[in-house]
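Chemist: Here is what each chain is made of, one letter per residue.
There are 2 protein chains.
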Amino acid sequence: MKLSSLKQGRDGRLVIVSRDLTRATDAFFIVPTLQQALDDWEKVEPRLRDLAEQLEHGSVPSFRFHEHDCASPLPRSYQWADGSAYVNHVELVRKARGAEMPQSFWTDPLMYQGGSDSFLGPRDPIIAVSEAQGIDFEAEIAVITDDVPMGATREEAANAIRLVVLVNDVSLRNLIPAELAKGFGFFQSKPSSAFSPVAVTPDELNDAWDGGKVHLPLLSTLNDKPFGRPNAGVDMTFDFPTLIAHAAKTRPLGAGTIIGSGTVSNKDEGGGPGKPIDDGGLGYSCLAEQRTVETILHGEARTPFMRFGDTVRIEMKDKEGHSIFGAIEQEVVAYRKET
Amino acid sequence: MKLSSLKQGRDGRLVIVSRDLTRATDAFFIVPTLQQALDDWEKVEPRLRDLAEQLEHGSVPSFRFHEHDCASPLPRSYQWADGSAYVNHVELVRKARGAEMPQSFWTDPLMYQGGSDSFLGPRDPIIAVSEAQGIDFEAEIAVITDDVPMGATREEAANAIRLVVLVNDVSLRNLIPAELAKGFGFFQSKPSSAFSPVAVTPDELNDAWDGGKVHLPLLSTLNDKPFGRPNAGVDMTFDFPTLIAHAAKTRPLGAGTIIGSGTVSNKDEGGGPGKPIDDGGLGYSCLAEQRTVETILHGEARTPFMRFGDTVRIEMKDKEGHSIFGAIEQEVVAYRKET
Numbered sequence: 214m215k216l217s218s219l220k221q222g223r224d225g226r227l228v229i230v231s232r233d234l235t236r237a238t239d240a241f242f243i244v245p246t247l248q249q250a251l252d253d254w255e256k257v258e259p260r261l262r263d264l265a266e267q268l269e270h271g272s273v274p275s276f277r278f279h280e281h282d283c284a285s286p287l288p289r290s291y292q293w294a295d296g297s298a299y300v301n302h303v304e305l306v307r308k309a310r311g312a313e314m315p316q317s318f319w320t321d322p323l324m325y326q327g328g329s330d331s332f333l334g335p336r337d338p339i340i341a342v343s344e345a346q347g348i349d350f351e352a353e354i355a356v357i358t359d360d361v362p363m364g365a366t367r368e369e370a371a372n373a374i375r376l377v378v379l380v381n382d383v384s385l386r387n388l389i390p391a392e393l394a395k396g397f398g399f400f401q402s403k404p405s406s407a408f409s410p411v412a413v414t415p416d417e418l419n420d421a422w423d424g425g426k427v428h429l430p431l432l433s434t435l436n437d438k439p440f441g442r443p444n445a446g447v448d449m450t451f452d453f454p455t456l457i458a459h460a461a462k463t464r465p466l467g468a469g470t471i472i473g474s475g476t477v478s479n480k481d482e483g484g485g486p487g488k489p490i491d492d493g494g495l496g497y498s499c500l501a502e503q504r505t506v507e508t509i510l511h512g513e514a515r516t517p518f519m520r521f522g523d524t525v526r527i528e529m530k531d532k533e534g535h536s537i538f539g540a541i542e543q544e545v546v547a548y549r550k551e552t
Numbered sequence: 214m215k216l217s218s219l220k221q222g223r224d225g226r227l228v229i230v231s232r233d234l235t236r237a238t239d240a241f242f243i244v245p246t247l248q249q250a251l252d253d254w255e256k257v258e259p260r261l262r263d264l265a266e267q268l269e270h271g272s273v274p275s276f277r278f279h280e281h282d283c284a285s286p287l288p289r290s291y292q293w294a295d296g297s298a299y300v301n302h303v304e305l306v307r308k309a310r311g312a313e314m315p316q317s318f319w320t321d322p323l324m325y326q327g328g329s330d331s332f333l334g335p336r337d338p339i340i341a342v343s344e345a346q347g348i349d350f351e352a353e354i355a356v357i358t359d360d361v362p363m364g365a366t367r368e369e370a371a372n373a374i375r376l377v378v379l380v381n382d383v384s385l386r387n388l389i390p391a392e393l394a395k396g397f398g399f400f401q402s403k404p405s406s407a408f409s410p411v412a413v414t415p416d417e418l419n420d421a422w423d424g425g426k427v428h429l430p431l432l433s434t435l436n437d438k439p440f441g442r443p444n445a446g447v448d449m450t451f452d453f454p455t456l457i458a459h460a461a462k463t464r465p466l467g468a469g470t471i472i473g474s475g476t477v478s479n480k481d482e483g484g485g486p487g488k489p490i491d492d493g494g495l496g497y498s499c500l501a502e503q504r505t506v507e508t509i510l511h512g513e514a515r516t517p518f519m520r521f522g523d524t525v526r527i528e529m530k531d532k533e534g535h536s537i538f539g540a541i542e543q544e545v546v547a548y549r550k551e552t
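Just so you know, the protein sequences line up as chains A and B, in that order.
For the numbering used here, count along the first sequence from 1 and bump the result up by 213.
For the numbering used here, count along the second sequence from 1 and bump the result up by 213.
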């Protein structure tokens, strides 16, 4: 089943989307918003699935689905917690600044609490005050959970996964060092994130979903040029059930909690840092990683961060080449004070 | 106007509470939940105020108000961001572990993103796995805002303050060092927070509210013994408009955003660290600060963290001694796996 929230009010209008992303039908008469569906999933899911089947059969009224009409599936949520499951990425970033990564990072997940009150739509611009802030994208996978009790086991966590989405975890790189040095984590350096037009139930991923990871390449394109295609199922040190259980260690998680994978990153075949796509590699899911590899290889970063007018596109395709979630596609635009 | 959310469903049932906290009347027919009221404040506020006036006059049906029936005013919210506005507190904690505090901490607010999907009610137990986690309370003030545009000025931020509440920002002190060392801020070390039974519009504070701070003592009691009474209007380096503008620097804030002050803390009259109430001082708003002062004075902390069965009470009274927000009162209880 594929679900989307068309832009309307603060929480969007829930629609069911056809598997091929061409058509949609209103789910309003079942439940008006995705958050409300998640609040009462056990009761609502069978009815939404019935409707999805009718949509596939063409037996309900439907309309043309346009990705640019979408808000994020949850236009705002009660929790957005982002892991760093691709530890390879973390190790690289540290290496570039000459810092050892503690051994515990391979066993104890890194996770930060993100802002969840003002997500961007998948085609909304990334608005930034200055290019000097080091504007970057981060292509990630995330899952949306049901209620998770405090102290949940890995298995309980796995059973609470309801939906899968893509994320652009926008980052302002040049604000990060000073902010992290203060010791309280990210805040201004992580502006609003954007999510894919469509959220899908795990069964839509077929055998690309093993209950914990998504085994497909995550495609990032910068200004229409392929930038990354690492496989999200490879080098993911902590799978989603592990990340969820980590988040629920000392408190319960509310329905609609979004847990992110962190930037998807694959090592090179030889075990070293990944190569750019132009050099025959799988590329990267953020500019910072490419810059890090450049720093390690050449002593300095050569790729600039995003500039006003740059566009990033993030997408995932099934084995037949069909888009699963629709595409996040965002242009960086200069902030102008509302008057 | 005083507002409360009685326990019901995920978001509570909005009621108006009388100024003296003895009676309440349903606001359901105007708007069912506080979040929905905040989503449409301009339209809803005048109608809620009319109802509050009728309640004071006894001209609407009302019922006895019991604080133990309350959820937190927002039982879950889209954002909970907590500042550390009482820099005195931060400096002390650093001093105890022999670390200098950077000068910039006096001009650049510390703030962390907290979990907001599963707040505790004001009389709910604090459930913890082990006393060894170092269970502590933190008595704070917080404001709840309307929408705040990205890049808001201090004045715009001030105008977006809708409600004031008290908070118990529960902390697991012994998990903090390892978690902060990972660099991504608090996560497991900050379990669910609890808020006062009642949220009030700033005008309810009369001249104790100057538009940015609350000039009244914040009363903390541990096992029925007075523990702290620092004045929340004193030594608050960053007032609420400054904290809100900080949070809104790189992204907008959604209606219902909760911004906390951090642990309220006053210096001693002589400018040194505060003294315990037993020694004629104003005491503290968390155990960690008392332990910090003990460490500075005696070389070691003497006061233990909270144990199972301990109860903390947090309250604020007006100049006539009447409770403004009702009381947070929470017992620490051992976690037991749900079966």
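Wrong hints could be hidden among the right ones.
Identical chains share a label here; the pair holds if one copy fits it or two copies do between them.
Under the rule of at most 30 Å between Cα atoms (straight-line distance), these lysine-lysine pairs were calculated in the BS3-like manner [stated by the list, open to error]:
#1 Lys395 to Lys438
#2 Lys256 to Lys550
#3 Lys426 to Lys438
#4 Lys488 to Lys395
#5 Lys256 to Lys220
Since the hints were made in silico from the structure, they are not lab data.
Chemist: Give a verdict on every hint.
Modeler: Hint check results:
Taking the shortest Cα distances, Lys395 and Lys438 never come within 30 Å of each other, neither inside one copy (37 Å) nor across copies (35 Å). Only between protomers do Lys256 and Lys550 lie at most 30 Å apart by alpha-carbon distance; the minimum there is 25 Å, versus 45 Å within a single protomer. In this assembly of identical chains, the alpha carbons of Lys426 and Lys438 lie at most 30 Å apart only when taken from the same copy (27 Å versus 52 Å across copies). In this homomeric assembly, Lys488 and Lys395 come within 30 Å of each other (Cα to Cα) only across copies, at 27 Å, whereas the closest approach inside a single copy is 33 Å.
For the homomeric pair Lys256 and Lys220, the shortest alpha-carbon distances inside one copy (25 Å) and between copies (22 Å) are both at most 30 Å.
In this structure, only the earlier hint numbered 1 is contradicted, and the remaining ones agree with it.
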